[in-house]
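> Hints in hand, dock the two standalone chains.
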Amino acid sequence: MEILVCVKRVPDNEENEIELNSDGNDIERDDLVYSVNEWDNYAVEEAIQMVDEHGGTVTVVTVGDEESEEVLRREMAMGAEKGILVSDDAFENSDGKGIATILKSVVEKGNYDIIMTGAQADAGAAEVGGMLAAMLDLPYASLVNKIDVAGDKLNVGREVEGGDQEMNEIELPCVLSIQTGINEPRYVGIRGIRKVASVEIPSFSASDLGLASDSVGEAGAQVKKVDYFLPDLGDGAEMLEGSTEEIIDKLIEMLKAKGGLQ
Amino acid sequence: MSHALIPPAQYSFLGLPTIVISFIITLAGTATFVFLIYKRLVPLFGAAPDNTRLERIPERIVNTLKIWLAQYRQPRYMFAGILHIAIFFGFLILLIRTASLVVIGFWADFGIPGFTSGPYVIIKDYAATIVLIACVIAAVRRGIFTPERYKVPEKYGHDHTKEAVFVLAVISTLMLSESLFEAALIAAEMQKGGHVTYAAPLTLVWIFANLLSETSISALQGTHVISYIVHDICFFFFACFLPFGKHFHVFTSIFNVVFMRLDKGNIKPVQYGISDSQLDELESFGVKKLEDFTWKHMLDFYTCADCGRCSDHCPADAVGRPLSPRFITIKGRDAIFKNYPIFGPKPESALLMEGTYEEDEIWSCTTCGACEQECPLGIEYIDKIVDLRRGMVDEGMVPQTLQKPLKALEKRGNPWGKMEKKRLEWADKEFVKTCEVKSLEKGEEAETLYFVDSISSFDERMQEIARSTSLILDAANVDFGVLGKLERDSGSEVKRFGEEMLFQDLKETNSEAIKESGIKNIVTADPHAYNVLKNDYKDLPPIEHITQVVDRKIREGKLQLNPLEEKDKVYTYHDPCYLGRHNCIYDAPRNAMDAIPGLTRVDMQKCRDRSFCCGGGGLMLFYEPEEETRMGVLRVEMAKKAGADVIVTACPFCLVNMEDAIKVAGMEGSMEAIDFSELIARQLKS
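Line by line, the protein sequences are chains B and V.
Position one of the first sequence corresponds to residue 1 (the working numbering), numbered consecutively onward.
Position one of the second sequence corresponds to residue 1001 (the working numbering), numbered consecutively onward.
These are computed hints drawn from the structure, not numbers from a lab.
Incorrect hints may appear among the rest.
Computed from the model, here is a short list of chain B residues facing chain V with C-beta under 8 Å [to be verified]:
#, residue
1, Glu17
2, Val33
3, Ser35
4, Met78
5, Tyr140
6, Glu184
7, Gly189
8, Arg191
9, Arg194
Now the in silico label distances, taken between C-beta atoms and shown as ranges [unchecked claim]:
#, chain 1, residue 1, chain 2, residue 2, range
10, V, Arg1682, B, Leu251, 27 to 35 Å
11, B, Glu184, V, Val1140, 45 to 53 Å
12, B, Leu251, V, Lys1429, 27 to 35 Å
13, V, Asp1428, B, Lys109, 26 to 34 Å
14, B, Asp148, V, Phe1251, 49 to 57 Å
15, V, Val1136, B, Glu184, 53 to 61 Å
16, V, Gly1666, B, Leu261, 18 to 26 Å
Using N, Cα and C, we set each Cβ at its ideal position, and we do this for glycine too.
Isolated chain V (complex conformation) (with noise of 0.2 Å):
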């Protein structure tokens, strides 16, 4: 083929075949590139075992079409989102022609078929000319701007504005370099007549030939060779800059959301491949050193582009405590490259907890799991908290506020330490005559069980929704029994706040209760408890919470409710994290808070699966955090933004924290709480 300019492949620099020059940045950029992937990869390969990424691959390939593909989590921030889809699509349309061009410089013919004249070329075009546009408004955003999800605070390190702002300008580099190098050949074409190849109106390549149309053509051959060796450079300098930082994600991102977790509401094992039984034979629990991490918690870290989703999100670090998802990613990645050096030895990893994490910053979670909902990029942040609180409990490093709990779950099987006996108290004879709670425990038999667990048997405040829950079901004409004295404390929190071993002693009693009572299905009122029946014991009968249970009874006329009586009062529902986001129940409530004739619902800004977490459940009571102000009283502030007068929730541990936060905030008058349980039963039809 004729060229109108002379290609790099054939062109000299003072004698320098320019072919040398391609060829060895193409050698040196490659084999940098693979040195620092290796380096990369050689703690995956040391961290702990998780073969369960390669399982359920019909899933995953939906997940990696749609979370990755399609960046289906991107527009839930709407701005950036978008440059962030101009960007990522500009890259995947751009990828063949890059790869063309570093071929190019060797062989100046080539091309992949299909991909060298016709619309592919007019898409690349507009590709680079957009995300050209796009980096520009994002480095405005990024570094005059700058929102606040992007600051460091001081205690994190420094700012990444700058890292951030120099990778936009080298991808607009590479925007300009390969436009250049093709308007500079277009511009020589026009000025030579015949052929002349088509540029696109207003791309980087139009505006550049038509720049360009009165250069010399000796100028033109220069910025002809020199955009394409700037291009050439910048592509591997690129390349070999990304597994240095939060742009590594644009290598990494794509096998992070295949090997994202497909499970919801339930934590991982202590040890993949490890079963329950097996547990005694650990020598250690937990994660203690940063080995300890399995592979793909260590590929999170890689992963994270620092967008600051998680902790925009995250109750603990609006309320102040001393926790911001972000930074647990950050300083993770910062541990794996102290750890493993690029060059030079490896220093001996030091523990976690002493330097990389703080105990307060980890016992600060609620587990509500805002984080790894809004993360367009799959990382995984609960079963990390989860392990490093096992290494800690391991270690004996647990605040004296929730050892006395932990004691007392151990001893009494409640976190307050009250006589087992003492569980059936809420259906006290005056209730018991209204309705019939069966006693299992004492040999009745019930079709379905209904599983009060702690808080709703002993809490005399939450004792109202076990009763209430009672009264819903005998309405509902369940035939339905009690566990009494010998239910268990579910164990949800003492899972999650890292107590493994005591977790699998009420597991196995509840498990073995339940099976012994001979029931075909369970009900529970707290989300709580739901969920870690549902998702972390095992081989137990279906269970639905009692949102599902009222909804499902509504729509077969199996229960009607009375109109309000008081219709000038305005309902909010606020989704308990481990009804919503956790197990997806985001509907039911809502139905049936609909089908009370008169009620007024108004939805809160944050709802749904952006719900905004109470202040946390079990354990979550008894620890005393540092913060600025309750979780709870910004929630019922988020009730009144909305104008509500009364905020409804499914979970006791929600009503305990709203009530407090309604004094707190000194709401009282204004603002009421109540349970899903007790709305309904005040409005039955008898």
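Pulled out of the complex, with its shape left as it was, chain B reads as follows (with noise of 0.2 Å):
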């Protein structure tokens, strides 16, 4: 069984405290902490253990710049046996299309039969998956939280609304977004990643997978952000002030007066 894995490398937010930056146009970027996006973290945990269970190999990819090999090694030193990188400055400030045209360009050079990418990333737009599938003409799944093979198709499991599970046959190949909880990733230290440091990625430019410059990057895209701010304090909205105790009182008094409270 052949599996790509589409990660990609995000501020993490466990270890960083995000302020927005002088220009207000994005977030602080200096002094950030990066590590691949954690869904994408359960995606090659879960491609590993099917690979561990049914043969075959797990490939991670990643669209970015140089710094970007560094999460590959982090899923190589989980056990993804092959990175793919692709950089080149074309694709700056490409669009959910834009990755998703970079990706389906990747997965044709290979033969894979299944397909996966986090749910969704930092930017939370979740599309990149279903676009990926939709280029390719592949069936899709998209929030799976469970994964069965059964012959030459898949039994995936969704998350509903409210927490009801459902389950679908897919065929392969096919792509699957990956909901975080679907596994417990394995811990990955520093000796994991060192192990494979001197490993070759090969990393591919835009020329190299034939895509056309006008297809990506900021000229390819058709959505472009034009702002970045925190939404002002709204009317409603009243921020406590003072120790925990007093805001616990002031809580309750309004709470009291507004009949919430008895």
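This is the structure:
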């Protein structure tokens, strides 16, 4: 079973205190700690477990700059056999469709049975998996939280609103976007990363992938980010100030006044 | 020499000379014993190396005299201890007699010079009598009353009482047969007149000789020879039975104590003989299979006497976590027995985490060291737990709750993932107006480094400890500074949770920053940092815990403390594991507290080297164990029982756990927890 997992290097919300930059169009990225997108990490773990059981190889791919190699190595330390770095200045400021276009060309260079993405990444758009499936004309299941191999098909579970569980049969090859909680990702220590430090990771540029420069990057983007800000406090919002005790007292008083507490 | 009865060496049963029987028993017994010992040694030779156990011989001799020969740790459990001491010394005394008896089977007049008459004979007769009495009491205690700590929970296999009582019966038979052998001869001598061997009053020999005084010579002859053969068979049976279970300690304990750990506080290297810089070359880390344990750790498995003292003091066991140190050892021994059978081919050694130990079991340990402190045989636990964790970390088997703090430690140098530049936020503008805190990162110079460590730097409540410690140092005129953003987590729990390479990184970063800063000595208020810097880091300037500094400065008259304002409260001191057991600092904090005029201090029943862990520090704060109650809750209840209103501890992690426990136990208002540094800072004379 050949599995390709698409991963992304994102600012780690656990190890950072996110602040807006002075221009107000993005978060302050100096001094940020990056790591692999949490959803992607679950996808890689799932792929490794499937390969452990059914044979095959796991390949991880990322679209990003040179520094993105770090997340490929971390996932390879987990057990992914191959890594592919897709990097080109022309990819900068790609929108979701642009990223999906790049990944499509990577998928077509290989022969994969399953392509996995995380359900979403730092931007929270959750768009690449679906677009990629559509472009490849492959069956797609989103928010997958369970995978059973059933011959040349898969039974995949999806989390449905309200915690209900749905099971679907899906034909191979297919694209799956993976939800957190599908497994318990293994720990990757410094030792593991050092072990794969010297493994060669091929890097592909736009021309290697035969991508037209106007289909990706800023040129190809039909969705552009124009602003980034913390919403103004609405009239209805009131920030309570003081010590924890004082805040609690004020809150109880307000709830009582508004009839929320008897 | 003439004998009142025919000695076994010259006697015949229906034409079969007894000497032949003795010969067969001795030969078969010795051969079986040698074969069994050989089989038991095989795994030790295939185990991981440890070349440190023959170093520092003088210390080892002292240890052996104290812990093995003088049975120093036995009376910690008074009743069981006295019984054991009786049997132990009885065995030692009777060893000479037993060895002689084996030879007497072939050579009737054999005797080791000096041990055939006089005081030895009297002493050994009393010894046999005392051993028999001790065995009977022990059997009743074990078989009928069965103290709680001997019980075997179902998941850990079968109860060991039958084996224990059986062995006591074998020992009793040895004592009885040896005495009967001798008594029959004395009874015959009494009947025949002439020389009668002296039997000391009230010994078994004396009792039997008197009971047999009317018995016919032929019956005495039978008793004499039969009890000899019974003794001979029992002796060799006992020797060959030992290597099959917990009584192997009769044989191995002396070796286990000779080779026992001499240092406290530190953790064994990943592999002995491999330096820190060679770690990258190792194929595998930690213990994954049985053979990854060192030979000494395997000897530990053989040596466990199943006395249950470790688990009786284990805080994890007390709160119902799935860990009982006693069964770490017993399961290890069972694994050796299974993987190295006496007969038949050796099966492939399975992974220990698949069948022998459970993941949660190994993560449940707080490394408090209570088990090792208690073990009368010098069995080690912490190193084994850490080695098993190293193996799990290497395989990626780390609970999700621990992965996040570990990753944060890797990226940010603290388990909360806080920004490095915020390490010094506790010394805010208001505070530095009252107390100068030099920042060594900015090129300032100081004599002493105050190593704050992560929790006191970042946790809002524990920052109070950092400020109190600074105030104390300032009041004592110590020229001190801090590393600020150059400081990383000391890595104490990173190491103890098995992430050795991350620990190496933290250690290198800290060591370099400390050396660059040019300080002459180090002070910390965090016992975990104190311990790891002192015992696991290398070549650092001397380090003291704040309790030691305060104690010293008070004695030197450089620190004066105001009398307590509220005199009606009773204080108790909770010994942090890494200050007490791991570093033997028990008196400094108590002396300093007692130097506060008007302070009433009581000790809890479990104090000093029997202190009860608060729940563990560092990464243990993030781990979510299965447990019925919290260690801290049990601890604050102990404080209440001791009549205390205030628990003083000297460790930020203890304080976290105690404060939480007071809330969980619903004791807010009636119980209070503060840190030693806070108490002292409050009483400083300005």
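> Each hint should be assessed against the structure and marked as holding or not.
Structure-based check of all given hints:
1. Glu17: holds (6 Å)
2. Val33: OK, holds: Val33/B within 8 Å of chain V, min 4 Å.
3. Ser35: holds (7 Å)
4. Met78: holds (7 Å)
5. Tyr140: violated (28 Å)
6. Glu184: Holds. Min distance 6 Å.
7. Gly189: holds (6 Å)
8. Arg191: holds (4 Å)
9. Arg194: Holds. Min distance 6 Å.
10. Arg1682/V to Leu251/B: 27 to 35 Å: holds (33 Å)
11. Glu184/B to Val1140/V: 45 to 53 Å: holds (50 Å)
12. Leu251/B to Lys1429/V: 27 to 35 Å: holds (30 Å)
13. Asp1428/V to Lys109/B: 26 to 34 Å: violated (57 Å)
14. Asp148/B to Phe1251/V: 49 to 57 Å: holds (54 Å)
15. Val1136/V to Glu184/B: 53 to 61 Å: Roughly 54 Å apart at Cβ, these two residues keep to the hinted range, so it holds.
16. Gly1666/V to Leu261/B: 18 to 26 Å: Taking Cβ atoms as reference, Gly1666/V and Leu261/B lie about 24 Å apart, which means the hint holds.
Hint compliance for this structure: hints 5, 13 are not met, and every other hint is.
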